[in-house]
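Top to bottom, those sequences are chains G and X.
Counting with the numbering used here, you get residues 2 to 943 for the letters of the first sequence.
Counting with the numbering used here, you get residues -8 to 425 for the letters of the second sequence.
Since the hints were made in silico from the structure, they are not lab data.
None of these values were measured; they are calculated from a predicted model.
Mixed in with the good hints there might be a few duds.
Take a look, some chain G residues computed to stay more than 10 Å from chain X by CB distance [claimed, not checked]: (1) Ser63; (2) Arg825; (3) Trp908.
FRET-style restraints, in silico, Cβ to Cβ [stated by the list, open to error]: (4) X:Ala312 x G:Met877: 32 to 38 Å; (5) G:Met877 x X:Pro284: 36 to 42 Å; (6) G:Ala539 x X:Pro27: 30 to 36 Å; (7) X:Ala11 x G:Val491: 34 to 40 Å; (8) X:Pro415 x G:Met877: 36 to 42 Å; (9) X:Pro415 x G:His486: 35 to 41 Å; (10) G:Arg876 x X:Ala312: 31 to 37 Å; (11) G:Leu463 x X:Ser181: 44 to 50 Å; (12) G:Trp904 x X:Leu5: 39 to 45 Å.
Even glycine gets a Cβ: it sits at the ideal position worked out from N, Cα and C.
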Amino acid sequence: MSRPYVTVIVVAHDGARWLGETLRALINQSRRPDRVVGVDNGSRDGSADLLAQALGPGNVLSLPRSTSFGESVAEVLEKLPPAGREEWIWLLHDDCAPDRRALEELLTAAAQDPKAAVLGPKLRDWLHRRRLLELGVTVGRTGRRDTGLEPLEFDQGQHDGTRETLSVSTAGMLIKREVWERVGGLDPFLPIFRDDLDLCWRVRNAGHKVLVVTSAVAWHAEAAARRRRRITVSGDHPRRLDRRNAIFVVMANLPFRAMLWALLRNVLGSAVRTLLFIVSKQPANALDEVLALGSVLGHPGRLLRARRARRQGRRKGYRRIKWFLTPPGAAYRRLVDMVQSFLAGQAPVDAAGRHHIATDPDAEQELAPPPDTGAFQRFIGRPGVILMIGLTLVTLAAERSLLGGERLGGGALVPVIGGARDLWDFYTEGFHDIGLGSTDPAPPYVAVIAALSTLFFGKTWLAVSVLLLGSVPLAGATAYLATRHVIPGVPARAWAAATYALLPVATGAIAAGRLGTAVVFVLVPLYAWLLGVVLLAADRRRARRAAWALGLWLAVGTAFVPLVYPLFAVLGVLGAVAFGGAVRTRGPRKGGGAGVSMIIALAVPPALLLPWLASLVTDPGRLLLEAGLHDPALVDQTLAPESLLALSPGGPGLPPFWVTAGLVVTALAALLMRRQRMIVAIGWGVALYGVLAAILVSRITVEGARVWPGVPLAFAGTGLVVLVGLTAHRLPELRASGGLRRLGAVAIAAVAFSTPLLAAGFWVATGVRGPLVGDAPDVMPALAAARTANGERTVVLKGSSFTVLHGRGPLLGESELPTASQERARLANAVRGLVGGRGGDAATLGQLGVGMVAVAPPVPAELAATLDSQPSLERMSLSKDGGGLWRLAEPVTRVPVQPVGVWHTMWLYAQGAMVLVVALLAAPGRRQEESAEPGAVALAGA
Amino acid sequence: MKAFIENRFGLLTLVVVALAAMYGIAYVTRPAPLPPPPTGPTKVAVESVTTVCPGDKGRRVDVYLPGSLSSETMEKDAPYVTKGPGGLEAGYVTRATSGSARGLAGVRCTEPAPATWLLGPGPADADVRLHLINADKAPAMVDVQVFAAEGLVSGDAGIGLEIAPGKHREIDLKTLAPSADVMAVSVTTSFGRVAVAARTVLESGGVDWLPAAGAPATRVVVPGIPKGGGLRRLLVAAPGETDATVQIKAVSEDAEYAMKGRETLDVPAGTVTALDITTGVAGSSAALVLTSPVPIVAGAVSIGTGSKPDVAYTAGTPSLALGSAVARNTTGARLLLTALGGPGKVRVQVVPDKGAAGEPYEVAVPAGRTRDVRLKAKGDFAVVVTPVSGEVYGARLLEERRRDGVMLTTQPLAPARTWTLLPPLQDTPRVVLP
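This is chain G alone, in the form it adopts within the complex (with noise of 0.2 Å):
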């Protein structure tokens, strides 16, 4: 076997400052090359000279700056006469620096194997020298580049061990001259990236191996792809030239029906791939993978020529690629693993695949892993957890009368009946079929309850559940994240944390069934934390950000209790004008950051809850009311002046007044410090502020009954809660000191942590008795409910009230709809009628569409009797569990559809996009990570 003859071919493009040590590695081979000649592209750096001294001015070829590697290659190779025997062509780039064996080693491996005609040496990173960059590299059915590496993985040989591959790298690439005049060459319409896919490709189609040979190493610094060094080839960008250039080779290279399949996979994963980078706020990615396939798609005669080019053994040659491309459920596992980082706060969408961007390694080598002691043991190991865990107990042992109940319900919350789906229906609808009709918008909460819903497999129950019964945990584990920057001291977050979540506040809301109030307490302790980023950030496109997400999460709470707004703003423009002043003075930010910022958290909800806050204005009493029923026996009528100043806002399911106690002697003792005055007067201040709007809003009656004065106490009790968490690392000092400070230390704690366990422990004792249940009666009888065929009505009789229903209870939100007033009067007063016995009522109800008459049990035997008696009734069924119901013997009418006015969809489709904006504005994105591109760039420029 003769020895082969070598032809090197060194192609350098502005790449000095790698090109030296190439060309030193190139002279230094234990193999010599028999020629080797190199092709400048017309480099601007000096690239020309350095090639012209190390080869001879005569081997180095000047071509313009525009030619593409192949090119180059192509060009030289027409130039360079046949070698007569069995000649390899070795292409090196500039930014390539092999191995001193490295050719060697690759002419052993190919005159191992006869059939191999293309070989690759392993690649590994130019600046960390043992890091690996490829082994052989393949494809997926979608275009996506897979090297089968981790990131940044080491070479320690784990890979080693020479073996065929789909396609490997030209820099360093070995191939038989012979064989790159058959395929034609790298093809010319792929100037960069992913030409050595589809040269690989054709070379296999053609009946040889491709392979990849580990001992053979090159140093490789990816100095395109990496963006080191302009591209000139092409005006695009090389993320989309990438992206191009993997679909067409894909296309033009995958048999037809393979192809067609891999088109379609293309077409759903370019439109995934846009949406999530559009979401990760990457709209140059978005924009890149959209013209990438539209580049392709737009040019089917380019792909059909390609295709035909490449028709040769293609069928024949996939049956053994096929083996070699990324299997299938790659896919999957790749989505699982982004989803899992995107809720470890990465962005959604990972920029590794087309070739390893260098990430900071400092970063990487900082999330060393602990010892690992099982992940779940760390969990549960927190601190927080374990609060979370204790919170969730006590909320258990207290709320066991309402657990496994078939509808919870009562007090404020309509039993919960229905799916996500019906509340979307209800919510996007212009005409409600509710009751006597109505197209009053629909409260914006029940969009928020219908998207949890969602989340939760549609189950409206288990939204509410979460919401509602765990309101105390969740708000504990709000208050005690929210605290996480601000307050040092474990123990004193968890106090903190603790007694937040078992104010009387939550108790009270819970029992009442008062899911407005229950969401807002979830959503106090988020709205301070953010209103501190807003006010104190140094960084001012974090505090931006976090005023986004405050007039976000702000709009969540205003639906829920209007309240929230009026309440909020007040602190929030005070805190404005203080800090944004002081802060200012102080210098470090821009001025008037924070009151811009405060303006857009203000603005956000009343632009996201338009018409129905516009609804509310025109008549201000329901601005004081919340989500869910307002009924009288809900709250204390006279509420007592201690009750308020202990933060109990009455009504029931409240602990002793007294329980807080604790908390306000702590807070009170507070004052005495002589450090930290500022915060503590802050916190008083907000404190006093919450307990004053407290009592004028108890004052107030609106439709018959006081205001509830919960979500004032909430912001009182968080002043309190944060001021003394605040000052709380006094303690420990004090109890150093010794003597009677140590004692007094002891017995403030002890005061303190009084709060949060006596509340607990009076709640566990007395559990849940209040209105809320956790089995409410279905009131429509399941018979009125499998007769609704046409649109009828049924009148619900209970007690001295009634109400009218439509096939099934209310949803979430549809009671508070206020209906046309003129036929409601009529209607009660035929129903009335009707009870008292009065004729010519039950055309009337008929008329107003309603068809059937039910009476929740128990009926009272007159009231049966005066139905009974009613000639245009007709009793259907009578007992004494199951109440009765009687037909309507008169015609019955269809309530009209009323006409929807035409922005009512206009509107929806507007604040869906307003949210999604906002959302956006407010979501952690890809632009803080790019803070460690400068150090990569200034490691790689090292």
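Given chain G, work out where chain X should sit, using these hints.
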């Protein structure tokens, strides 16, 4: 100022003062408990009225609508049904000067109702014909029960009578209770409603329709016992399960008193007891006030003097609080008005069938007295009584003195159909709460 802020107790003082101020504000503004919402029934205007009279071919029915009186002649023997707006009253009076049915008999067209009580002489003493009329669009299932002095005597024969829509049924009560000499008839429906009327022809002479008695109550006022001689009988039924001990008080033209020897009346449960009160009221026009710990229904029978006596019935009636009207009156009509508790005053207006309505005039009734007011109009007319003050009960008496005996009929002033009392009902979604 600076010293105050930097003082260790400065902030504390400030906060404590603020808290005290808030306590003060909360204390001062602490509201009085809201008054409970009204729970009593509310007065509501009646929108439409259907009244039904038993048919009598050729008979002229007077129909009163607020402000006008018209009349219509029945063309068939079928029941007469009239529908109209609130305030509709209708009725007719028969007058026979000879024959077995000699006498004056008046009937008030009644509304279909689920329950009706009638008290009067039993089938043993009189020919009692019960008219059940279903004027509605739905069938009615009627139970007729006859209570006599012995208790419930009618058996199953009257139970479950089905009356198709628009049909009527005439029942001779002899078929249900042949031996009862006094009776209380309860007509109840298990579904549907019927209008009920009963005509009695006494074997001893005299004819009249039985007026519907008020629903069982613990206090019953029976107005309209006419003055003059003749038998006066009180009928009291206790429809419940408990025996009733009824306190009886008479309110005559001159006094309000308990009748000697007839202060109380024991009524065994489920029976009708008759009490002769001829001497008790002593020829005065009077009303009877009955109180009982258990609900009772009551009526009275008045028999006129003369060789061919006539009979008149009255029954327990609610007060005139909602006003009343009688559509058919003729010359010689009188009002017997009784004021209880305090002096009462009513406004009386006569609406003749021809010509303009008369000027309304007020009639004062002294406390605890009955007043016999003669209506001066001639011919056929309607009389409207509206309350002004006090608790007033009344009846209308028609009297015609003939040589062979006084002919008379009475009609208690039942509440007009202008207003009705309806239970309070609130339209609220709280109904769906457990």
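Violating hint indices (sorted, rising): Failing hints, ascending: 2, 6, 8, 9 and 12.
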